[in-house]
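Chemist: Sequence:
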Amino acid sequence: MTGQADDWRRRFREPILRSAIRATGPGDAELVVEVGMHGVRTSVWTPATGEVHEIPGLEGNILHPVLTPDARRVLVHVDDNGSEVGHVWAYGVDGEPPVDLTPDLVPYGLRGLATDRAGRTTVLTTSDDDGYALVCVGEGGPRVLYHSTSEAWYGLVSADGTVVSVNTTDDNPGIRRFALTVLDVATGERIAVLSDGETGPVTGVQFSPTNGDQRILATTERSGFARPVIWDPVSGTRVDVDAPELSGELIALDWSDDGEYVLAVHVDVGVHRIYEYAVGTRELSRLSHPDGAYFKPDVSSPRPLIWASHYGPGTEIRLLRQRFDRPLEILRLDRASGEVVVWPQGGPVDRSVGPLRSVMVDSLDGTPVQLWVATPPRAEGPVPFVVRIHGGPNLVSIDGYNPKGMAWLEEGFGYAAVNYRGSVTFGRRFREGFWGAPGEAELEDIEACVQWLVAEGIAREDAVFISGESYGGFLTLLSLGKRPRLFAGGLAFVALADWALAYEDMHPSLKLPWKHFLGATPEVEAVHRRRSPLTYVHNVRAPLLMSQATSDTRTTPRQASEYVRRLRAAGGDVLLTWFDGGHETTSTPSMVHDQELMTELARRAMRGERWDEYEPR
Numbered sequence: 030m031t032g033q034a035d036d037w038r039r040r041f042r043e044p045i046l047r048s049a050i051r052a053t054g055p056g057d058a059e060l061v062v063e064v065g066m067h068g069v070r071t072s073v074w075t076p077a078t079g080e081v082h083e084i085p086g087l088e089g090n091i092l093h094p095v096l097t098p099d100a101r102r103v104l105v106h107v108d109d110n111g112s113e114v115g116h117v118w119a120y121g122v123d124g125e126p127p128v129d130l131t132p133d134l135v136p137y138g139l140r141g142l143a144t145d146r147a148g149r150t151t152v153l154t155t156s157d158d159d160g161y162a163l164v165c166v167g168e169g170g171p172r173v174l175y176h177s178t179s180e181a182w183y184g185l186v187s188a189d190g191t192v193v194s195v196n197t198t199d200d201n202p203g204i205r206r207f208a209l210t211v212l213d214v215a216t217g218e219r220i221a222v223l224s225d226g227e228t229g230p231v232t233g234v235q236f237s238p239t240n241g242d243q244r245i246l247a248t249t250e251r252s253g254f255a256r257p258v259i260w261d262p263v264s265g266t267r268v269d270v271d272a273p274e275l276s277g278e279l280i281a282l283d284w285s286d287d288g289e290y291v292l293a294v295h296v297d298v299g300v301h302r303i304y305e306y307a308v309g310t311r312e313l314s315r316l317s318h319p320d321g322a323y324f325k326p327d328v329s330s331p332r333p334l335i336w337a338s339h340y341g342p343g344t345e346i347r348l349l350r351q352r353f354d355r356p357l358e359i360l361r362l363d364r365a366s367g368e369v370v371v372w373p374q375g376g377p378v379d380r381s382v383g384p385l386r387s388v389m390v391d392s393l394d395g396t397p398v399q400l401w402v403a404t405p406p407r408a409e410g411p412v413p414f415v416v417r418i419h420g421g422p423n424l425v426s427i428d429g430y431n432p433k434g435m436a437w438l439e440e441g442f443g444y445a446a447v448n449y450r451g452s453v454t455f456g457r458r459f460r461e462g463f464w465g466a467p468g469e470a471e472l473e474d475i476e477a478c479v480q481w482l483v484a485e486g487i488a489r490e491d492a493v494f495i496s497g498e499s500y501g502g503f504l505t506l507l508s509l510g511k512r513p514r515l516f517a518g519g520l521a522f523v524a525l526a527d528w529a530l531a532y533e534d535m536h537p538s539l540k541l542p543w544k545h546f547l548g549a550t551p552e553v554e555a556v557h558r559r560r561s562p563l564t565y566v567h568n569v570r571a572p573l574l575m576s577q578a579t580s581d582t583r584t585t586p587r588q589a590s591e592y593v594r595r596l597r598a599a600g601g602d603v604l605l606t607w608f609d610g611g612h613e614t615t616s617t618p619s620m621v622h623d624q625e626l627m628t629e630l631a632r633r634a635m636r637g638e639r640w641d642e643y644e645p646r
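Here the sequence shown is numbered in the numbering used here, starting from 30 and rising by one per residue.
Treat the hints loosely; a few may be bogus.
Stated by the list, open to error - The list that follows gives simulated cross-link-like pairs (lysine to aspartate or glutamate, EDC-like), each with its CA atoms no further than 20 Å apart:
no., residue 1, residue 2
1, 540, 157
2, 540, 199
3, 325, 305
4, 540, 327
5, 511, 469
6, 433, 629
7, 511, 394
8, 433, 43
9, 540, 158
10, 544, 157
11, 511, 473
12, 544, 200
13, 544, 469
14, 540, 180
15, 433, 358
16, 433, 623
17, 511, 490
18, 325, 358
19, 511, 602
20, 540, 461
21, 544, 158
22, 544, 199
23, 511, 476
24, 511, 491
25, 433, 63
26, 325, 297
In case anyone wonders, no lab produced these hints; they're calculated from the structure.
Please put together the full structure from these sequences, using the hints given.
Modeler: Take a look at the structure:
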């Protein structure tokens with residue numbers, strides 16, 4: 030390896046901050062999650078003193094913990110080797126023995142986890158073979174407040190623990206557009222439902238932080254784009270932040286401790302801008318801040334955001350910021366002084382590669398598609414390119430820290446990330462653009478972006494590689510089968526290869542939305558065949574890497590093995606690797622290993638060498 034090639038590994042030698050989430054409550058403590066050489070490290074950070082206290086006993090695949098308001102316990106969904114099926118346990122911050130909060134329940138997937146501001150009431154949104162449930166854990170043990178065979182996500186609880194909310198589809202049967210349902214904790218009775226009809230989904234963000242105030246901050250899409258709304262389920266009053274002067278989405282993130290302000294991010298063509306809404310005066314103001322990304326959405330996890338900017342105590346705003354060339358950091362913004370300082374002190378900006386630039390590309394049918402693009406330093410003329418396809422599909426590629434993307438640039442490859450139809454933050458119509466026909470509009474978007482890169486003279490037409498994880502892996506396989514001459518190779522991680530086999534084995538909480546996304550019940554074999562990469566395996570001409578997990582309940586092992594078997598039988602060049610665990614890798618050494626393998630395989634393809642003859646170390 031050259032000295033330059035070793036440079037990109039330096040970014041993985043220090044822990045990478047994954048998230049910082051403030052505990053719900055009157056105090057001020059942040060739960061910090063880092064990914065490093067030995068896996069995930071979870072700590073409690075006290076901003077007032079700067080103290081960082083690592084929590085013992087939480088090593089391993091702990092990706093979505095919640096800190097209790099008193100900062101004495103961490104709530105964690107403990108599963109079997111990354112299977113995402115298990116129970117929520119409470120771990121003592123100082124090493125006290127963990128306690129199972131729901132010992133009598135069957136193992137479940139977790140789709141929401143929240144506490145009130147006193148820590149007396151915890152609300153779990155669960156899923157299992159019988160459907161979705163909202164489980165209240167408090168005095169007297171767990172109680173099921175709500176159950177449905179329709180989807181339910183992200184239960185929240187009021188500051189005083191008297192009412193709860195959950196995003197439900199009961200009022201829109203057969204349509205994956207949520208309404209916000211509010212229930213009484215004592216009785217389980219439904220208090221009210223906020224819905225903007227079939228075309229206007231509403232989802233909860235956070236209850237008012239003031240005891241006795243049952244108003245809830247939510248997101249509505251009645252205009253077709255996300256906007257904040259403040260709703261009182263008791264009186265029925267609502268205040269909409271319509272912001273007609275803003276194109277794109279305005280996404281609510283947090284409510285200040287005094288209930289006087291709401292923090293939101295305006296997203297337009299992928300670019301983030303921070304706004305603050307004064308509840309009393311109904312004034313929306315843009316805040317001054319450096320460029321970068323200020324939140325990152327998630328999907329199929331206990332929180333809708335992996336990390337997000339939020340309020341601290343008093344007038345303080347904590348802006349969590351990332352950029353392609355800058356790891357996640359916390360900026361302290363004080364409304365009174367307007368001062369912005371890095372807190373804690375962030376690392377230096379890595380200007381050796383990047384930055385990303387946002388461009389809009391017309392898809393094959395004219396739909397505008399956002400594309401992030403970066404070229405290697407001192408590039409002259411077309412270069413080999415890697416086109417990354419995010420998972421989800423209801424996720425999004427942001428201008429966020431990406432050491433793998435920077436590694437490609439240092440190795441002389443260009444790097445691009447496509448926000449295809451199905452991506453969030455571009456409006457409801459775009460997000461739902463794949464409904465009923467997964468893989469059709471997305472492949473048009475991907476093809477148009479590749480054509481743009483080549484036409485611009487920055488990508489070599491014979492050396493464009495496609496890479497993706499999960500649903501991005503599905504689109505990688507589908508592209509190789511339905512656009513066989515577009516790519517020089519495919520790099521697929523935890524990919525979905527066949528809908529029929531995957532549906533049989535996947536976690537119950539995923540079956541319901543996928544029946545809707547596919548546009549038919551799983552019994553309709555013709556739909557599964559038409560939408561599955563396995564159907565087009567005989568068309569594949571480019572070499573393929575498939576890396577799969579042994580305990581994955583989303584993109585399951587059996588369907589991946591069958592795809593590889595069929596591709597090999599058809600004479601395809603495929604390298605299959607396995608890793609122990611679930612749907613995500615959780616250490617920097619595994620990231621380095623994956624990047625080294627991908628780089629070597631891409632170079633082998635350009636030399637005309639087969640991938641299935643390569644033996645990874």
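Chemist: If a hint holds in the structure, say so; if it doesn't, say that too.
Modeler: Here is how each hint holds up against the structure:
1. 540 <-> 157: holds, 11 Å
2. 540 <-> 199: holds, 16 Å
3. 325 <-> 305: holds, 18 Å
4. 540 <-> 327: holds, 18 Å
5. 511 <-> 469: Given that 20 Å is the threshold and the Cα spacing comes to 10 Å, the pair holds.
6. 433 <-> 629: holds, 14 Å
7. 511 <-> 394: holds, 17 Å
8. 433 <-> 43: Satisfied, since the Cα-Cα distance of roughly 15 Å is no more than 20 Å.
9. 540 <-> 158: Roughly 10 Å between the alpha carbons, so the hint for residue 540 and residue 158 holds.
10. 544 <-> 157: holds, 16 Å
11. 511 <-> 473: Answer holds: residue 511 to residue 473 is near 11 Å, not above 20 Å.
12. 544 <-> 200: The given pair, whose Cα atoms are some 18 Å apart, holds under the 20 Å limit.
13. 544 <-> 469: holds, 17 Å
14. 540 <-> 180: Cα-Cα ~10 Å, so holds.
15. 433 <-> 358: holds, 19 Å
16. 433 <-> 623: Between residue 433 and residue 623 the Cα gap is close to 9 Å, so the pair holds against 20 Å.
17. 511 <-> 490: Distance ~17 Å between residue 511 and residue 490 Cα, so the pair holds.
18. 325 <-> 358: At roughly 13 Å apart (the allowed maximum being 20 Å), residue 358 and residue 325 satisfy the hint.
19. 511 <-> 602: holds, 16 Å
20. 540 <-> 461: Given that 20 Å is the threshold and the Cα spacing comes to 18 Å, the pair holds.
21. 544 <-> 158: Answer holds: residue 544 to residue 158 is near 15 Å, not above 20 Å.
22. 544 <-> 199: holds, 16 Å
23. 511 <-> 476: Holds. Residue 511 to residue 476 sits at ~11 Å (cutoff 20 Å).
24. 511 <-> 491: The hint holds at about 17 Å.
25. 433 <-> 63: holds, 17 Å
26. 325 <-> 297: holds, 15 Å
Checked against the numbered hints given earlier, this structure breaks none of them.
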